[in-house]
Amino acid sequence: MKNSIKILLLACFFAAVGCKQSSETPTESTESAPAQNVGQEGVKDETSNPNIVQVASGSKDHTTLVAAVKAAELVTSLSNAGPFTVFAPTNAAFDKLPAGTVDGLLKPEKKADLQNVLGYHTYVGTLKVEYMQDGQEFDMVYGGKVKITKQGEKTFVNGSEIVASIETSNGIIHVIGDVLLPK
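Residue numbers (mature numbering (1 follows the signal peptide of the UniProt record, and there is no 0)): -22 to -1, 1 to 161.
In case anyone wonders, no lab produced these hints; they're calculated from the structure. Bear in mind that the values here come from a model prediction, so they are computed numbers and not experimental data. Built from N, CA and C at the ideal position, the CB exists for glycine as well. It is possible that some hints are incorrect.
What the hints assert, rightly or not - Label-pair ranges, simulated between beta-carbon atoms:
no.	residue 1	residue 2	range
1	Glu131	Glu87	40 to 50 Å
2	Lys128	Leu84	13 to 23 Å
3	Pro76	Glu108	29 to 39 Å
Claimed, not checked - Restricting the straight-line Cα-Cα distance to at most 25 Å, the calculated cross-link-like pairs of lysine to any residue (SDA-like) are:
no.	residue 1	residue 2
4	Lys48	Gln114
5	Lys88	Leu52
6	Lys38	Ala77
Input sequences plus hints: build the corresponding full structure.
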């Protein structure tokens, strides 16, 4: 009973404080907060499937790819409706590149080159492995073509095996073991 009275008194106190009129006169501000155009990257809830960027961001095997997407300022693009297919190299794939390559591409002055590389991993549309045919070629976002090969049950893109596929709210991610470099 004592606890109920204390809770009731606290509720009354907060209600009274919350209703108190301010003696300060509101002023009009001529400055407005800068608008943030975050597109779909800012949309998160508990019931929707995550988008490509959200899935990659949650993968310990794709931290280098996520850092590259951020450095190339492609987060918003890859978070939007799509659909997109992303051939996603793992951290180990980036480690296979010559020393200094990744660090060099992450520099601000190399943003266009980085966008080129990442665009070579991105297709506008959904490409599911089960529908890919041996010898098919696909035009990628920033130009260039990738070629699909099949060997038994295995599927390869430009010689790199697709080791996993993850459907997202805005497309599909195919995990690969190599970085695809435009020719």
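Fill in: Numbers of the earlier hints that this structure fails to satisfy, in rising order
Checked against the structure, the hints that fail are numbers 2 and 4, while the rest are satisfied.
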